[in-house]
Every structure is written in structure tokens, then in C-alpha cells.
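There are 2 protein chains.
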Amino acid sequence: MKVKKSEDFDEWYNEVVEEADLCDKRYPVKGMNIWKPYGWEIQQNIDSIIRGEMKKTGHKEVYFPLLVPESLFKKEADHIKGFGSEVFWVTHAGEKELEERLLLRPTSETALYHIFSLWIRSHADLPLKTFQIVNTFRYETKMTKAFVRVREIHFFEAHTCHTDFKDAEKQILEDVKIAGNFFDKLAIPYIISKRPDWDKFAGAYYSLGIDVLMPSKKVLQVASIHQYRDNFSRPFEIKYEDESGEHRYCHQTTYGMSERVLGAIVGIYGDDKGIALPSFIAPIQAVIVPIIFKGKEDMVKKECEAVKHELEEMGVRTHLDMRDKTPGNKFYDWELKGVPLRIEIGPRDVEKGVITIAARDGLKKEIKRSGLDKIKQEMSSFDSRLFEQAKKFLDENIHTLDYIEEKEGIIEIPWCGREECGLQMEEELEMTSLGIPFPEKACNGKCAICGNEAKHYLRLAKSY
Amino acid sequence: MKVKKSEDFDEWYNEVVEEADLCDKRYPVKGMNIWKPYGWEIQQNIDSIIRGEMKKTGHKEVYFPLLVPESLFKKEADHIKGFGSEVFWVTHAGEKELEERLLLRPTSETALYHIFSLWIRSHADLPLKTFQIVNTFRYETKMTKAFVRVREIHFFEAHTCHTDFKDAEKQILEDVKIAGNFFDKLAIPYIISKRPDWDKFAGAYYSLGIDVLMPSKKVLQVASIHQYRDNFSRPFEIKYEDESGEHRYCHQTTYGMSERVLGAIVGIYGDDKGIALPSFIAPIQAVIVPIIFKGKEDMVKKECEAVKHELEEMGVRTHLDMRDKTPGNKFYDWELKGVPLRIEIGPRDVEKGVITIAARDGLKKEIKRSGLDKIKQEMSSFDSRLFEQAKKFLDENIHTLDYIEEKEGIIEIPWCGREECGLQMEEELEMTSLGIPFPEKACNGKCAICGNEAKHYLRLAKSY
Numbered sequence: 019m020k021v022k023k024s025e026d027f028d029e030w031y032n033e034v035v036e037e038a039d040l041c042d043k044r045y046p047v048k049g050m051n052i053w054k055p056y057g058w059e060i061q062q063n064i065d066s067i068i069r070g071e072m073k074k075t076g077h078k079e080v081y082f083p084l085l086v087p088e089s090l091f092k093k094e095a096d097h098i099k100g101f102g103s104e105v106f107w108v109t110h111a112g113e114k115e116l117e118e119r120l121l122l123r124p125t126s127e128t129a130l131y132h133i134f135s136l137w138i139r140s141h142a143d144l145p146l147k148t149f150q151i152v153n154t155f156r157y158e159t160k161m162t163k164a165f166v167r168v169r170e171i172h173f174f175e176a177h178t179c180h181t182d183f184k185d186a187e188k189q190i191l192e193d194v195k196i197a198g199n200f201f202d203k204l205a206i207p208y209i210i211s212k213r214p215d216w217d218k219f220a221g222a223y224y225s226l227g228i229d230v231l232m233p234s235k236k237v238l239q240v241a242s243i244h245q246y247r248d249n250f251s252r253p254f255e256i257k258y259e260d261e262s263g264e265h266r267y268c269h270q271t272t273y274g275m276s277e278r279v280l281g282a283i284v285g286i287y288g289d290d291k292g293i294a295l296p297s298f299i300a301p302i303q304a305v306i307v308p309i310i311f312k313g314k315e316d317m318v319k320k321e322c323e324a325v326k327h328e329l330e331e332m333g334v335r336t337h338l339d340m341r342d343k344t345p346g347n348k349f350y351d352w353e354l355k356g357v358p359l360r361i362e363i364g365p366r367d368v369e370k371g372v373i374t375i376a377a378r379d380g381l382k383k384e385i386k387r388s389g390l391d392k393i394k395q396e397m398s399s400f401d402s403r404l405f406e407q408a409k410k411f412l413d414e415n416i417h418t419l420d421y422i423e424e425k426e427g428i429i430e431i432p433w434c435g436r437e438e439c440g441l442q443m444e445e446e447l448e449m450t451s452l453g454i455p456f457p458e459k460a461c462n463g464k465c466a467i468c469g470n471e472a473k474h475y476l477r478l479a480k481s482y
Numbered sequence: 019m020k021v022k023k024s025e026d027f028d029e030w031y032n033e034v035v036e037e038a039d040l041c042d043k044r045y046p047v048k049g050m051n052i053w054k055p056y057g058w059e060i061q062q063n064i065d066s067i068i069r070g071e072m073k074k075t076g077h078k079e080v081y082f083p084l085l086v087p088e089s090l091f092k093k094e095a096d097h098i099k100g101f102g103s104e105v106f107w108v109t110h111a112g113e114k115e116l117e118e119r120l121l122l123r124p125t126s127e128t129a130l131y132h133i134f135s136l137w138i139r140s141h142a143d144l145p146l147k148t149f150q151i152v153n154t155f156r157y158e159t160k161m162t163k164a165f166v167r168v169r170e171i172h173f174f175e176a177h178t179c180h181t182d183f184k185d186a187e188k189q190i191l192e193d194v195k196i197a198g199n200f201f202d203k204l205a206i207p208y209i210i211s212k213r214p215d216w217d218k219f220a221g222a223y224y225s226l227g228i229d230v231l232m233p234s235k236k237v238l239q240v241a242s243i244h245q246y247r248d249n250f251s252r253p254f255e256i257k258y259e260d261e262s263g264e265h266r267y268c269h270q271t272t273y274g275m276s277e278r279v280l281g282a283i284v285g286i287y288g289d290d291k292g293i294a295l296p297s298f299i300a301p302i303q304a305v306i307v308p309i310i311f312k313g314k315e316d317m318v319k320k321e322c323e324a325v326k327h328e329l330e331e332m333g334v335r336t337h338l339d340m341r342d343k344t345p346g347n348k349f350y351d352w353e354l355k356g357v358p359l360r361i362e363i364g365p366r367d368v369e370k371g372v373i374t375i376a377a378r379d380g381l382k383k384e385i386k387r388s389g390l391d392k393i394k395q396e397m398s399s400f401d402s403r404l405f406e407q408a409k410k411f412l413d414e415n416i417h418t419l420d421y422i423e424e425k426e427g428i429i430e431i432p433w434c435g436r437e438e439c440g441l442q443m444e445e446e447l448e449m450t451s452l453g454i455p456f457p458e459k460a461c462n463g464k465c466a467i468c469g470n471e472a473k474h475y476l477r478l479a480k481s482y
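Quick mapping for you: the protein sequence lines, in order, are chains A and B.
Last residue of the first sequence: 482 (this note's numbering), numbering continuous.
Last residue of the second sequence: 482 (this note's numbering), numbering continuous.
In isolation and in its complexed conformation, chain A is listed as follows (with noise of 0.2 Å):
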């Protein structure tokens, strides 16, 4: 690594995602990135995360066309507002001009609804739970940063559909969960925050944003839960029969999350050194690097090998480092890729039934030979130690004041709830609103702006 992260955090972030292997940038189209297989495989641990959360939650996997009617896509007038000046046209296909232009999916409520209005026909129906894991495209005009800022976003959708509001709303409580279990196993501390009207998603009734606070202060947002109400289920005319034999408009909800998880992973735990993995979705998590010395080659040799297979037999994904390099600069590499766990065997520890572990924040132990099966719980200690220290980055940074006073990180101000105040508040901290904390938190304090009583708190920061 050229670049230290604690210098220049962005370019550090820039140097690593290629370094550890991640991706490669070259592709030669602005914004689409190469998934390198290390990097892919991680993004697919993460995926396995979120299915697994789906499935327990009775939702059912779909994977619907990636190219929209522009037909279907203007029925929401919202959402066509928010995205259409986003999104990539498809308007001929061999030398033909195509009737109708077709547009790569940006997010896919348009492609779905149009189909649950013809999947759900009565109650018994509902509530109808699904998600997708694809591509979408987004025509970025900003810098583009891997992972955080793509034009071809590696995206998770969950999309579902409820008889009434209520029931919608127990479906966000549901992913907010979810959210929970997910990020827990990533280790990687969160905060919610409804966003203010002005900033919801296109055509939603309200959003909750998921946001982490990287190293450079700024915030990212990783996930977004939408309540939609009845805003697309009318125009896609997404109707059921209910009970008493009557028709009713569904109410829509859905769960949204990109490759910027894995962004965020990079960002928060890397160090100048590389990047480091929380285990849950690391591709290897012990690499074993024998330490030889002439003459005992054999004996280190076999005792790697021997502890790799117990390894493996635990269900430690581990990999055996043979390679003719000093065992230093094996170090090196992986450290850059954030492996969790290094194991070290030399002689001297084959002879005294030990081996050394050194995990990748640099914690350092010697654990005896019979006592492998303690691996598992140096990696949870080591997620956990992981989480700590983000925790405690982002708690550090979370200012609650009374009054707008200039500060890095994440601001909370009381708030009458007017937008006029908010975008004053925006301008005169130079910041984004991240929207009202969820759970809400008690203000009694007067809006920072105005004066008057102060309904909520409202959470700024600057953002990527």
C-alpha cells in the first residue's frame, strides 16, 4: 500500500479495493468495475447472509427481466421524476429501432408491480413476500467510487405487499430486524434514521435510511427500508378481494441494499496494512504460514497439513500457504486481504504441541495443539473487537446539541419539523439531513433555527 489510511482516507480507499484484490477498475466503461474472484466471493458471503435472513422470513426469491417498458416505468410519476434522468435506453436492437425504448432497471418496483397485480387476486394472497438479487444501472454523474458509487450496482430488493397499512408496517418492523441479524453478522455498528420528506425514495410515503459513519467522518448510506403505502399499488392497480368480497388497494413495502456493504466493510475495518474481513464472509479465514528452517521442512510440513484437515473438519475455511516466498512477505499478503486469523507453526512449536495465532488487528497468542477447536472462538473475538472499535468511532462521533454549532461526524439538532428549517440547517452546516433518529428520541429542546418548540431531532452529517 502507497497510500496510509489515516493520510488520505479516499485515496487509501481507492488503492485497497484494487490492492486486496477486490476489483479491477480498468474496465472500460465509467463506473463498472470488475469483480475480481476474491472480491466476488466475498460479495457472495454476503449475499448468502441476506438469504438466509430472507428465508427464514418467509420471503421467496424471483428474478424478474432487467429491462422495463418505458411505458410501465412512467406510471409512477414520482418515481419517474427521481430516476429518469438516471437511467440507461435501450433503443435498438441488430440495426432496428425497437417500437417501444427499454430501460435497464435502476431499482425494479416498475418491472414487478405490473406483474403482482396479476399474482394477487384475494386476501389469501397477502401478504406476498419476495425479494431479488441482481443487477441494476444507475447513470451516476458524480465521481464514481468502487462499490459506494457505481453505474452497475450489485443489488439486493426485497419487495412485498399487505392488505393494509398496518400490516405494511409490521413488514418494516420485520426488516428492521432483519437489518439487525444482518449487520451483527458483519459486525458493523449502524444507526436509522427516517429520512425527511424531501429526501424519501421516488414515490415512497416515508423511508428509513441505514447509514454507518466511515473513517473520513462522512456517512454511507447501506440500506433503505420503504413504506410505499398505496402510492404504486394504484397506478399498477395491485388489488385484492378482501373478505367481505370487496376490492382494496395493497399496501407496499420494500428493503433495498447494494455492494456498498461490502464498501462500507472495506472502509471501516481496513487499515494501512490492507483490509480486514469480519469472518462470517471472509474466503479464508485461517491461512496457516509455516515458518521452515533447513532440515525440519518435513515435520512443519505435515503438522500444517494436519492442522489444516482439523480445520477444515470444524468448518474453518482454511488455506495452507506452501508458497516459495520468506514467510514474511506471506504475511504481507494477507494481511492486505484482511484473512481474520493467521496461524503460525515453525519447529520449535511442533515440538512444543503449540501454535501461534495472529489475528488480523494484531492480537497475537500462542494456543496449544490440542486445543484447536479454540479457533472459532479467537474469530468471534476478533468480530468482536472489530465491532467495538467502530462502535465506539461511532458513538464518539454522534454530537446531540442544542444549538448548530460546526462539528465532524454525525449532528443532532432539535427541529421543529418544517422543511424550511431543515435545508437552513443543511446550509449552514454544510450537510445532508440524515432524517429523524428511529427509534425516535425524545427532544424537548427549540428548533436550532427558528425557535419554536421542537417536535424532533434532526440528524445532518456529511455523506457519500
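Worth double-checking, as some hints may not be accurate.
One copy or two, it doesn't matter: identical chains are merged, so the pair holds either way.
Claimed, not checked - Derived pair list, reagent style EDC-like, types lysine to aspartate or glutamate, alpha-carbon separation capped at 20 Å: (1) Lys114 <-> Glu88; (2) Lys78 <-> Asp65; (3) Lys257 <-> Asp42; (4) Lys320 <-> Glu424; (5) Lys291 <-> Glu362; (6) Lys410 <-> Asp217; (7) Lys78 <-> Asp42.
Source of the hints: derived by calculation from the structure; they are not laboratory data.
Let chain A serve as the given structure and place chain B on it in line with the hints.
Here is chain B on its own, set in the frame of chain A:
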């Protein structure tokens, strides 16, 4: 099912893919269907087989961008000739016309190979073995058919680079083995033919096609393996430094498959009752249907739950159908969806300590409750019966002839090897050439057209 398979195979196929809940064809773009949860789960199980084979053979999974700049696509002249008329073009983003048109990958050679030229520097980087599972797009002008001819294709593609032709040839043989393992798990019999020059892949040096025989006696190509030699590495400048310091062009191969594999499974194994799934890919491998009589509900339910639990412990994907429907209606549903084994449990079975197993192909037997571990064997016998039946059908419909004669199925005719004779055979038989049998079959006859010494058999068939 309204249509009988035996009466109108193609109509039956069109109906069963929707009735069995594999896909929904009502999406308003022609040839782009919706994968429903059941169909998508089957496809993911198919993908997991090929992922396993790729892992065993040291291929690494990547994900390349969908959009290919026009200039990259045009680098290989034959390739653009082959695909130019069927690509979708992105010309605009938002309101803006793009400086360079982008196309939706019909296959990914041109996207990957530009980057391969950056990844490969020396012989130590070779062989490079990669694959990806992605959505590809072809503007098909022929009649579309679910899984068989669609415009958005779920696609598997392996791409490899080698030091020379010989090493690339070894890869071709490895691919043939991989295909063998893959189709064995799916219990699908197939034939391999070396495609004639006039029908090889656009840009290939030669192509092997893997075909299956559908009940309509038309063949369906389900996979293909291509030797590119240096046809792509020259325009894309994929070079490496050999051990003596000389710069050489790589030799390349690809192996491709698509959702057609699922189309083949549906077509070959289905019957008038619905589809039939080989156990390896069945989302539900065993469905338990309680046969309930009044007063015995608890006893039966308890036994069903115990059996489900035991089967799941053994790793059998099991579903207990407790819906408020008659057993007959349940049988109907699960036969339609192709579940390999149905387990019926009634009060008398509980008392006798037995369970009744009905395989999807009709074979019914009673097994001891204490011998539940036989289920796995029953699944594999079911798979074998599927295979044997399809193999018999394939074998009976390959006709090795000396002269041109009209036959249904696959015909093998002595051929001098000249294009004009091959094309005349196609014309006379109203069939397509599949190519020369692979591995090659000795042929001592005379070309059925010109009467000169035959070099090979030429295989012909009607095809999808």
C-alpha cells in the same frame, strides 16, 4: 394440464412451464420471462452443480460488467458478424446521447479479453481459468420459447487462457469431463458433436456442441465448448512472456451453458401430469402427504412430523403438506411440480410401522419406518430410471445409415467432409448438421452425396 405431452409436445411444454410454477410469461417484453421462486430455486441448484465442478478444476468465479463498448465488440471480425444483428444497443443515458454506444453482452468474450490482456504478463499467469454466471441478451427473431429461446438468458460461461494450442486442447478434454459430471448429476443423456465449420461459434477455431434429444425428436443444444486457438488473443493482444523471454499469443477456450438445461429437463422428463425433477436439483426431494381419518389426526400428524425431522437430519429436502385439501389434490399438485418422492402416511401405516413411497414415475412401495435411511437410495434409483428411460429413447433414435433416408431423430451419414455435400444433406433431409461424432466414430463408407471416400459420419437432426 390441459394438453397431453404425447399429443402435442410443444404445446404441452408451453403450458407446463407455467403450470409447474417455473416461470411467468406475461412480462410485457417478448422473450423475457419472470423466474418464479420454484423455477429460480431449481436453476440455482443447477448452477451449484456447475460451480462445484468449476471449483474442483481450479476455475475462479468473476463478474464482468454487462455493457460492452462498441469499439471492443468490433475487435474480432467474425464475432461481430455472428452477433451483430442480435445485440441490444444502449444509446442514451437520461436525456443524453452517449458518446459511444454500449451493447448488452450476448456472450462475454469481448468484455473479458481486453482485461485478460492486462491480467496476463508471463507464463506463470497461465493457465488462467475463470467463469461467470450472468444475464446475457440476444435479440432472437425466431419464435421465443421459455428457457429454450429467450432474449434475456441466464448464462454460464467459462473462459480460459493457455500457453499454446496443446494446453488449450487439454482444457477441451477437461471441459468434456466436466460436462459428463454435470449431466450425470442431472441424469441427462447427451451426445457431443464437432460442429461443421459453417456452424461453429463466431470466432472459434472449432466448436463442440452438446445436444440432447427432446421428445419431439428434435435436438436441443444445451452446452458448447469452443477452441479459439489465437483467434481472439491476436486482436485483443493477450500475450505472455515465455520462459525464454519471448512474447507469445495465448490460446483460449470457452465452455458455455444456459437455462436451456432446465428446458431439457422439463421436456425430457415431464409427462401428462407435469414435470419430473432429478433429485439433485429438486427444491423438495420428498413431500409427505398425511392420509388423515377422523379421530386419528394427532397420531398421523405426529408421525409425519417425526419422519420430516428425520429426513431433514439426513439432508433430504423435505416438505410436509398440511394444507386443508384432499390427499388426491395434494398428489396432483406435487406431481405437477415434479417432486421425486411422495411419502404417504396414514393411521394404518403408523400402526404397522411402515410408510408408503411413491416415486414421481409411478413406482410405489412400502418401506419399514425403521428403514427410513433407504430414502436416499430410492431417490437415486428414481434418478437412474429417469436416465435409463431417456437413454433408451436417445439410443433408439440415433440412426447410422449408409445412404440418405428420411428418419426421425438423429441421423449419421458417411460424409466426404466437403461443405457442399454437407449442405446438400441438410437440404435433402430438411435437417441441420450437428457435426462429426465426438469422440470420432470410424467410418469406412462412401459419401452419401458425391460417392467419394467418406472421412467421417455427419450427424444431422431437426433442431430447436
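Structure-based check of each hint:
1. Lys114 <-> Glu88: Both: 17 Å inside a chain and 16 Å across chains, each within 20 Å.
2. Lys78 <-> Asp65: Close inside one copy (14 Å) and across copies (18 Å); limit 20 Å.
3. Lys257 <-> Asp42: between (46 Å within a copy, 19 Å between copies)
4. Lys320 <-> Glu424: neither (60 Å within a copy, 65 Å between copies)
5. Lys291 <-> Glu362: Classified as within; 18 Å inside a copy, 60 Å across copies.
6. Lys410 <-> Asp217: neither (28 Å within a copy, 64 Å between copies)
7. Lys78 <-> Asp42: For lysine 78 and aspartate 42, the Cα distance is within 20 Å only across copies (15 Å; inside one copy 33 Å).
The structure does not agree with the numbered hints 4 and 6 stated previously, though it agrees with the rest.
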